[in-house]
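Asks: With the hints as a guide, bring both chains together as one complex.
Which chain is which? The protein sequence lines are U and A, in order.
Under full-length UniProt numbering, the first residue of the first sequence carries the number 1, and numbering increases by one thereafter.
Under full-length UniProt numbering, the first residue of the second sequence carries the number 1, and numbering increases by one thereafter.
Keep in mind that the hints were calculated from the coordinates and are not lab data.
Where a beta carbon is used, it is the ideal one built from N, C-alpha and C, also for glycine.
There could be a bad hint or two in this list.
Not close to chain A: a few residues of chain U, all C-beta gaps over 10 Å, as computed [what the hints assert, rightly or not]:
1) Leu20
2) Gly79
3) Pro177
4) Glu192
5) Phe215
6) Pro317
7) Glu369
8) Leu466
9) Gln595
10) Met718
Covered stretches of chain A, as calculated for chain U (at least 3 residues, CB under 8 Å) [unchecked claim]:
11) 14–20
12) 79–85
If you want the building blocks of each chain, they are given just below.
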Amino acid sequence: MSNEFDAALTIFAQETEQLLLDMESALLSLESNPEDSETINSLFRAMHTIKGSSGLFGFNPIVAFTHEAESVLDKVRNGERSIDADLISVLLDSKDHTARLIDHCLVNADAPLPADLAAASDRLIKRLSGKQETGMQATPIDDGKLQAEGGGEITVDDSWLISLEFQADALRNGMDPLSFIRYLKTMGEIKEILVTTPAMPSGEAMDPESCYLHFKIAFKSDASKQTIEGVFEFAADDCAIKILPPNAKVEEYMRLLDAQDENHVHRLGEMLVQIGALTRNDVEQALKLQTAAEGTEEEAVKPLGEILVEQHVVQQPLVEQALKKQDQTKQKIASESNYIRVDATKLGQLINLVGELVISSAAMNLIVERHGLSDADDVAASMNALVGSIRDTALELRMVQIGETFNRFRRVVRDVSAELGKNIELIISGGETELDKTVVEKINDPLTHLVRNSLDHGIESPEQRLAAGKPAQGTVQLNAYHESGHIVIQIADDGAGLNSEKIVAKAIANGLIKPDHGLSKQEIYNLIFAAGLSTKEQATNLSGRGVGMDVVKKNIEALRGTVAIDSIEGQGTTITIHLPLTLAIIDGFMVGAEQDRYIIPLSMVDECIEMDPKECEINEIEHYINLRGQVLPYLRLGDYFNCRKSDEQKRRESVVVVKAGQNKAGFVVDQLHGEHQTVIKPLGKMFEKLKGITGATVLGDGNVALILDVQGLIQAAMKKRSRTTPYLTSQHTQ
Amino acid sequence: MTIDVKAQQNGVTQLAIQGEMTIYTALEQKEALSAHLKSSQELQIDLSGVSEIDSAGLQLLLFIKRETSAQQMKLSLVQHSQAVVEVLELLNLSKHFGDPIVLTANRKKS
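Only chain A is shown next, with the shape it has when bound in the complex (with noise of 0.2 Å):
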């Protein structure tokens, strides 16, 4: 299992990802992620043991933050780990996910 639970209280689950965050893992990742937006009100997830990621682990990260937005939970990614960095970074990303701030604009339609 690449997603580890590290705590669960108050409502708050706190999440590690392990590994990689590609479209080889990205089936997996999302039936466990998703398990958990029901259960919750409020997401934590560990990044710093990702090691890999690509348009399909971002794909998902962002699916993850809209599905939280939705459900009015809070979402709170931590400890990136470098991998993870850069693809924010490249993709002007960092802050939004740095913080709860939803992205909603991303929704609008060309």
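One chain only, chain U, in its complex shape (with noise of 0.2 Å):
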């Protein structure tokens, strides 16, 4: 095979799984709401383009199988078969089965299809086909009023059809409606005409000083529209003139369509009147029928092209053209402006060099300062702003949103709840929420670890509920939002919540804690991350959330998040994640304490301050910041990485207000160095167990600083303060 070959296999891949994602959120959100077209469409779409691309590359025990799958949404976009839960479950279970005959083709192209995988192609066609069209019926489409039925009894392929409505007043305005047609005469021949006279009344009633006459005239001519328009430009005031173009231009039209610029999208009208279709009269006659009917409540305002046809100054297949192609160039363009596909290599490798570039800005920043070079001073600030963008939209580019992650949830829980027999809806919110696309896929699996372990031990059983009093029907809440530069994912269930006093026992069964724990219940909570107490039977006991937490914990944590647990007992749990939006450049703040540097991520900086008596004041023996009144932990960042006492000098400190969520502590550090473009290294294995610490960064002169971890050090802070027994530190300061 050869590598183009492969690389187009691979594009395969990549879209097929695309396509099998999206249907599969398609249809659960059609148990919902089955009346939604779009979504049926998106679904015929999926399976069409699944079989169109299979069927390019041979693989025809795809193309056979999806082709039922089309076939069957094909029936239900046309209405002839309703979607239910039982179409629902079987069009989900095609999804998967799909996916498994890719995944054959995609390793053994050639060899046939394995005979369970063709039995199970079968028996999913059968059931696919199974209930023929009941329900629904398609109402016929009236489209009797949408044909262009042109000029009455007169059809002549190659004229044009001219019909001319003359007004009662026409006559006593001076027109002669005879001269006008005698005009016309002169440019062409006149096929056929018809006089008609519709709206004369019978008797004394008709007014022969009014005009009642109505022509029809099939005329041929090499004039365009517009010329043959302007015979009766005099006339316009008192007649309704509709220029139908021959049907023999028809296709020349469409040529010229197909032929029009697909870069711009234009307007329906714009499109038919520069191929000479219609003219600027008709258009405007249409919009001003438009514009009239958007008054009235009665009916919903016809589109432009639906007038046109039925104003018989243009054929429907004409309109239908113009629309597709400018349905196509929409798209052309949304899908060229939007979506490129990039290798995620290339893309780290950019960032990589962005950060690199960070870096020697730094560099060049430093010298320029050092050797004070006021003149490259200009050009310094205005590269450094320039890297500062460069590196944002970089990061951007691997932003995506939480909301796909979320929503393949919804299958775990249809699947899960099934299984357990119980009823479980899942509520997803701030699924807009962007983080950084290696975040995401590496919190896919503690997420699921964690929903699973919410419907499996955490939501009871209706029976149980029902007793207890709540809804049958559980609930599970996954939930994201941003909060000061980190993201926050939430996983909430109502189910039996955690029973405090079973933890306990076990982790003194386990020698965890000793009985005289003093632990307060959010201490209690955190146990059950640790490892001790992740085996199987005890996880029964704890309704499960023991399982594989430590393993849940320690994924958050490599990835700098941390994670907390929450629980009311018979109410039910909440797990909420912290994770940075990013793992590879942080906007930072240096400060310098003894002799080495930190970074403090920007986000977390709530304020900082000069230490003045006036507004702040430390009080070294009960350990607390005094800042306006307000009380805060502190930690002198010297004493607390260099475990020295503070020196006996005086020396002029200032201090870091940083903020983790709802805490706050204050930095007591020796210099301010200010803002600063941070490219995260990560530490080596052996740093792993540094306290406090989460990277480091290579700073402009090449020394190193050590990027801080806030959360854990403010839970030092206040451990220090409140002086109970470090005894969690290692849960908490991770």
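Replies: So, in structure tokens, the structure goes:
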């Protein structure tokens, strides 16, 4: 197989995967909203596209199977078959089956389909076509109205069809309809002409000075529509003029439509005027009708195309073609401008390079500053700004909404609750919250685990729920939002909650804590993240929260995130995950303590204060800072990291007030260096156990600064202040 | 008077129109022609004296045609002058007016 073919297969695999994912979420959303035609269309397109591309590669089993699904969806789309829970289930299974077929074909394209897959195909096809056209029958579309009936009895393919309806006052205004027709004759040949007087009253009521004449003319001429319309220009006020181009011209117009520039979306009328099928006057008239219709509430305003056809100024196929063209152009522009497929490794490379650029730009600034190159100041400043924007844009490239990840859980919830005989609803909010794709990928596993736990052990069976006075249907909520430079993901259920006594008992039995532990409820709940509490047998006793929770915690911490658990017995459990938005570069705030420099994520910095007794005072004994009357725990960074008592020599100190979630603390430092674009370099395995540090960065002068784990340090500061036994420090400070 | 009664016997009225059939004479001519619609079974109109005909005149002829056919009267237009022939040919109506066949298709709404 050639490389190109391989590349094509890779794209096929990616595309089909995406299509199937879309299909799944579409199906799940149909459960609650079965009438949504847009979703049904997207289902159909998914199957249709997979069928088409499978055909290209000769993957016949996929083609054969998706064809059946497509047919069923086509019927649904046309209203011949209603979509119900059964059909959704079959289609979900069909989607899974298609994925298996694709896997098979990708791995061994030439091998025949294994018997089990073939049998599954047959079974599903039977189920797909099992229920024949029940339910809704399509109402025949009344397209009679839309037919370009043209000139009534007159139909001459190569003639213009001109309809003239003179108004009552035409004669009194000095018009003579005959003279227009005589003039028309000079420009071509009148093949047929029909005079009608549909509005002429009989007897006395007929006013011989009013005009009742209507003409229908089949006119053969090479003149353009514009020119023909020009003939009647003078009569335009007293005559309704409709000019339908010859049918023979339709093809020519179609060609012209096709040839139209695709790079701009035109309005329908404009497109048709451009090719000569309509005159500006036609469009204006139709628009006038449309605007007039807007005033009346009775009917929905008709689309322009429909009005034009009803007015017999253009043929239906032309309007259709123009609309199609318009749509294609829109889609083309949309797809061109919205997405391109980029190799993730290339993107990663770019972001790494941008990281290096940030560092070397910092180095340059340092040199400019050190040598006092005032000439270079401006240049350096503008470059700095540019590097900053490049950094932001590069990072945004990797930002994706978490909604897609959340939506995958709809299937999990559906399947698991069916399996367990529970009735559970998944509520998703904040799906539009964006975060780094690498983070999204890595959070998927822990999230799955947590959701499954909630479903399996959190939510009780319907009987138990009813007995407890709760609605039979349980809910699991997935929520995401941004908070001070972090993304917060919450998994909340309204299940049984955690039983703290059992956890404590188990923890004591495992030797994790002593009987006189004196732990708060929070701390007890956090125990379930401890490795010792994660065996299966105990898990059941503890409503399962212990299963692999240590792994979950480890995974989240590997992302520089934290996880917290909160629960009310009998009412439910909420797990809150804090994650950094990105893993690569952050805006940092650089401070100096002792000889070292540290980076605090800028988003977590609340304020910086020079030590001034009026504003702020450190109480060394009680260990707090009095900040304008507010009590804050604090840490001396120099002391904390260097483990020595503060110098006897009095230094001029500053305080950086940081906050993480609801908690605030002050970091006492020696210097404030200011904002610093920080490229995060992960610490090696060796430093994994270091507390209070999440990474390091290379400074412009080649030195290394440590990036602080603010959340962990705040916890440490609070511990120090409350002087409780530093019992669960390891749980909090990571 | 631009409309003369040439003869009137056995329910057949023979008329002759003289001069122009235009917007200026239409009102007068309509009154005169309508008067004969009630009393006869057949109407013969001699158009040899029509010197000029415009849309209003044509419309009048169409009106008479329709009225007579509604009353199941016979209408014959005879001796068309050149002016009349030109208009009837322009509008492809000569066949229909030339013989007693009534132009019912014209009633059809577009």
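Asks: State for each hint whether it applies.
Replies: Checked hints:
no., hint, verdict
1, Leu20, "53 Å, holds"
2, Gly79, "33 Å, holds"
3, Pro177, "5 Å, violated"
4, Glu192, "7 Å, violated"
5, Phe215, "8 Å, violated"
6, Pro317, "21 Å, holds"
7, Glu369, "85 Å, holds"
8, Leu466, "68 Å, holds"
9, Gln595, "96 Å, holds"
10, Met718, "87 Å, holds"
11, 14–20, "violated (count 0)"
12, 79–85, "violated (count 0)"
Violated hints, listed in ascending order, are 3, 4, 5, 11, 12; each of the other numbered hints is respected by the structure.
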